[in-house]
Amino acid sequence: MNVDETDLPGLGRRKDFMTASGRRIGVVEYREGQTELIVSTWDDPDTCQASVPLTADEAATLGNLLGGQRLAMKLSEAHREIPGIVTRQFSISVESPFQNQPMGKACIRTRSGVSIVAIMREGEVVPSPGPDVVLHPGDLLVAVGTQEGLDTAAGILRNG
Amino acid sequence: MDPLALTLIELGAVVFCLGLLARLAGRIGMSPIPLYLVGGLFFGAGGLVRLEGMHEFAHLSAEIGVILLLLMLGLEYTASELVTGLRRSWQAGVLDLLLNFLPGAVLAVMLGWGVVGAMVMGGVTYISSSGIAAKVITDLGRIGNRETPVVLSILVFEDLAMALYLPVLTATLAGVSFVMGLQTVGISLAVVSLVLLVALRHGHHVSKAVHSENSEVFLLNLLGLALLVAGLAAAMQVSAAVGAFMLGIAISGATAHSATRVLEPLRDLFAAIFFVVFGLNTDPRSIPPVLGWALLLAVVTAATKMITGHWAAKRAGIGVPGRFRAGAALIARGEFSIVIAGLAVASGVVPADLAALATAYVLIMAIMGPLAARFVEPLVRALRRPVRGPAFRTSGPA
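So the sequences go chain by chain: S and Y.
Take the first sequence: its position 117, counting from 1, is numbered 146 in the numbering used here, and each next residue is one higher.
Take the second sequence: its position 78, counting from 1, is numbered 92 in the numbering used here, and each next residue is one higher.
Certain hints may be false.
[As the list claims (entries may be wrong)] Heads up, incomplete: computed chain S residues facing chain Y, CB under 8 Å, no partners named:
no. : residue
1   : 35
2   : 38
3   : 40
4   : 43
5   : 75
6   : 76
In short, the hints are calculated from the structure, not lab data.
We treat Cβ as the ideally placed atom computed from N, Cα and C, and that holds for glycine.
Could you build all of it, start to finish, from the sequences and the hints given here?
Take a look at the structure:
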């Protein structure tokens, strides 16, 4: 993927790329630290249809959503040959009883048989997280297991 | 009445009125500069109300306003942005200079204002208002647009051109000979290169010298240094404004960003007073006779900026609507045109009509620029649609 980086003198930097559907999509990073998501209009790739200011949290969450989707897709691809195995994502909400707790406290594997294979956090992947990894609100857990096991795991993460 | 009381009342009334004008400008989404100028015309010589008490303070404040305007222009771009901007867009910058300096210069010669007048009016029509342009680009949500870096790098080039132009202008206004003038150009070239070099290699030292975590200490350091450098530059017959501008370029990185934040309110106050004082010193009765010329100059220089932006955007591979957007974003003239005219008027070697022409011209351009930037896009679309025909509609939203 070819990402264009352009200096905006006095303002910051623009990083964007052309999608297969002919739209330009990317971010503007301001010198003061704000981030803006930009999407071009469909008939003129030079101009922007939307420029959405994002806080650091929002940008990280959006990154997780997009990146998590891709990771989950890759995993389901890998597990396609094994019947009964499904990949699902769980996000840690601010109400979750396990936020700011080590993941081991939830005993997800023991109680549901589900494996947490990765955590998406601020656009980065934490692969094969151990029981000591502390869960933060906004984290996206990528879990692999049976359909019933995943339902149980979802309940654990929500209600404890 | 006690003179102090009179001064305070006048000053308070003027600043309060400026606040009302700035609010009005914000309400209708335009730059407050033309309103400040009109306010000055209203109060000044030949205007409706005469203010005498605040004269001394207003005069000094206007000088500080110019220093702060130029200091912040220098702070706006880092030395490395200036150098890369120069390398990448010098062709567009030179075209910009030729196309936009000449109309003002030619008109000044036609009106019999001589070489000095040509030098001043050329500068007035050349320099776009980076303040208005940046605001227009932000307000219209065009920061992510592809033509925006093209517009910004032309503004960067103008920034550098100012660094050479202002000392030359000051020398010309002081009435030095041609040889002396060449010497001034040489000296200013050397100084600009030196400052850029220092800013690139040792900018952090300069920044460290003024920087402080305490914003009060920082503000006092910065303002003190700026006034010192400006005063020394003025004592050496280089314009005070140039000194402040060079200091702005030398301060870089994070210090420059926080300096901009700290200085902004001060700049807004003193620059507003500067515009009012410029209006105060212009007799409103002298404007109607030059209004025709100002309009002609406005139309011509709007077209020349449009050509500049169009050409530069085309070279950068931007589509047709983007080329027109780039041109229109450059049209606005504002604060720096008034700074140049102000320097000329203060020297007393240019005719009073020049101030009137510059005022009328900036009034038109500061209002027309943002309007042109806003309406150029629908206009271009409307004009292009019939040519494209149905082919335009077959490809639906992706």
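Hints, one by one, checked against the model:
Satisfaction of the interface hint for residue 35/S is found here, the shortest Cβ-Cβ separation to chain Y being roughly 5 Å, below the 8 Å cut-off. Annotation: residue 38/S was flagged as interfacial toward chain Y, and the flag holds, the nearest CB pair being 4 Å apart, inside 8 Å. The beta carbon of residue 40/S is positioned within 8 Å of a beta carbon in chain Y (closest approach about 6 Å), and the interface hint is therefore held. Nearest Cβ of chain Y to the Cβ of residue 43/S: about 6 Å, under the 8 Å cut. The hint holds.
Hint on residue 75/S holds. Least Cβ distance to chain Y is approximately 4 Å, under the 8 Å limit. Residue-level restraint check for residue 76/S holds (minimum Cβ-Cβ distance to chain Y is 5 Å; threshold 8 Å).
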